[in-house]
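Peer 1: Quick mapping for you: the protein sequence lines, in order, are chains A and B. Under numbering that gives the first Met the number 0, the first residue of the first sequence carries the number 0, and numbering increases by one thereafter. Under numbering that gives the first Met the number 0, the first residue of the second sequence carries the number 0, and numbering increases by one thereafter.
Think of the hints as simulated: they come from the structure by calculation, not from any bench. Worth double-checking, as some hints may not be accurate.
[What the hints assert, rightly or not] Here are the computed distance ranges between Cβ atoms for each label pair:
1) B:Thr103 to A:Glu100: 41 to 49 Å
2) A:Ser55 to B:Ala20: 17 to 25 Å
3) B:Asp113 to A:Gly7: 14 to 22 Å
4) A:Gln46 to B:Asp113: 20 to 28 Å
5) A:Ile61 to B:Ser71: 46 to 54 Å
6) B:Leu105 to A:Ser124: 26 to 34 Å
7) B:Ala20 to A:Glu22: 26 to 34 Å
8) B:Gly68 to A:Thr92: 44 to 52 Å
9) A:Gly108 to B:Ser71: 31 to 39 Å
10) B:Gln46 to A:Glu22: 21 to 29 Å
[Claimed, not checked] Covered stretches of chain B, as calculated for chain A (at least 3 residues, CB under 8 Å):
11) 11 to 24
12) 84 to 92
[Stated by the list, open to error] Interface residues of chain A toward chain B, partial, derived using beta-carbon atoms under 7 Å:
13) Arg38
14) Arg81
15) Pro83
Because the structure is a prediction, the values reported are computed rather than measured. All C-beta atoms in this analysis are idealised placements derived from N, C-alpha and C, irrespective of residue type, glycine included.
Number of protein chains: 2
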Amino acid sequence: MKAKSDGGPLEIRPIGLVHCAGEEQAIEIFPDYAEALLRIDQAAELQVLYWMHRLSEAERGILSGHPRGDRSKPHRGVFALRSPMRPNPIGSTTVRLLRREGNTLLVSGLDAIDGSPVIDIKIVS
Amino acid sequence: MKAKSDGGPLEIRPIGLVHCAGEEQAIEIFPDYAEALLRIDQAAELQVLYWMHRLSEAERGILSGHPRGDRSKPHRGVFALRSPMRPNPIGSTTVRLLRREGNTLLVSGLDAIDGSPVIDIKIVS
Chain A
0 MKAKSDGGPL
10 EIRPIGLVHC
20 AGEEQAIEIF
30 PDYAEALLRI
40 DQAAELQVLY
50 WMHRLSEAER
60 GILSGHPRGD
70 RSKPHRGVFA
80 LRSPMRPNPI
90 GSTTVRLLRR
100 EGNTLLVSGL
110 DAIDGSPVID
120 IKIVS
Chain B
0 MKAKSDGGPL
10 EIRPIGLVHC
20 AGEEQAIEIF
30 PDYAEALLRI
40 DQAAELQVLY
50 WMHRLSEAER
60 GILSGHPRGD
70 RSKPHRGVFA
80 LRSPMRPNPI
90 GSTTVRLLRR
100 EGNTLLVSGL
110 DAIDGSPVID
120 IKIVS
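Model the full assembly from the supplied sequences, consistent with the hints where possible.
Peer 2: In C-alpha cells:
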C-alpha cells in the first residue's frame, strides 16, 4: 500500500464488536485477529478505540456545538469537546479488563453502545 | 450513510497533518475543519489520533511480537502492546497545547512523525 498523506481517505478494518447485555460489557474479537490477544490476560487496563456506528453522514459534518448540549455554555469546536459528533466518529475509552474467555474480553467502563465495531486495543497497564 | 457493523471497511478522512521541524511540533488543520477549532485555545491537554502512514500493508498483518522488540521478553499479541504495528495503524497521544496560530496548533509531547495524517483531536483538560 502506498503511504498516504495527501488528505485522501484511509481504510479501517473492524477487528471486533462490542456486545452489551445489562451490566455485561464484552468485546468479541474476530477469529482473524485472535493471535493479537496473546497474553492480554496479563493486562489490567486497556485503551479501546471503536467506531460510533450510529452517527449519520450529516452528524459527521457538525463541527461545533455546546459542551454536553448545555446552551448556557459557549459554542466550541468539536476538537475542543469530546462529543460523539466529529468528522471521524472514533471513540476512545480506557477500560478495566475483567477476564478473557476465548476471543472475548469481558470489560468494565466501556462507553460504547451494543454493536459498535472495535478498531483497536492498546495496553495501558 | 448506512450504519456499518458487519466487519466491512470504514472510511477515515484526514483532518490535518503533523509537521515536525527540530523541536517544533505542529498540527495543521485543513481549512474545511477550521470551525472545529473554535475555543480550542482554552484547552491545556489534547488527545491526538493520527495515522501511522509509514506502516506497510504487510506490517498491518503482524499480530504479535516482543515488547519493544526485546527478545528476552515473551511474545505478546499487538492488542497487549502499544507497538505501531497493528491492524489499524492509529496512534493516540496526549499532548500539551502550547498555542494556536490560525489553523495550526503548536504542541509538545506528540510522538507522531512528520507528515502523519491527523484523524481526530479531543479535549483532555
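Peer 1: Look at each hint and say if it fits the structure.
Peer 2: Here's how the hints hold up against the structure:
{"no.": "1", "hint": "B:Thr103 to A:Glu100: 41 to 49 Å", "verdict": "holds (47 Å)"}
{"no.": "2", "hint": "A:Ser55 to B:Ala20: 17 to 25 Å", "verdict": "violated (39 Å)"}
{"no.": "3", "hint": "B:Asp113 to A:Gly7: 14 to 22 Å", "verdict": "holds (18 Å)"}
{"no.": "4", "hint": "A:Gln46 to B:Asp113: 20 to 28 Å", "verdict": "holds (24 Å)"}
{"no.": "5", "hint": "A:Ile61 to B:Ser71: 46 to 54 Å", "verdict": "holds (50 Å)"}
{"no.": "6", "hint": "B:Leu105 to A:Ser124: 26 to 34 Å", "verdict": "holds (30 Å)"}
{"no.": "7", "hint": "B:Ala20 to A:Glu22: 26 to 34 Å", "verdict": "violated (50 Å)"}
{"no.": "8", "hint": "B:Gly68 to A:Thr92: 44 to 52 Å", "verdict": "violated (28 Å)"}
{"no.": "9", "hint": "A:Gly108 to B:Ser71: 31 to 39 Å", "verdict": "holds (33 Å)"}
{"no.": "10", "hint": "B:Gln46 to A:Glu22: 21 to 29 Å", "verdict": "holds (27 Å)"}
{"no.": "11", "hint": "11 to 24", "verdict": "holds (count 5)"}
{"no.": "12", "hint": "84 to 92", "verdict": "holds (count 5)"}
{"no.": "13", "hint": "Arg38", "verdict": "holds (4 Å)"}
{"no.": "14", "hint": "Arg81", "verdict": "holds (5 Å)"}
{"no.": "15", "hint": "Pro83", "verdict": "violated (10 Å)"}
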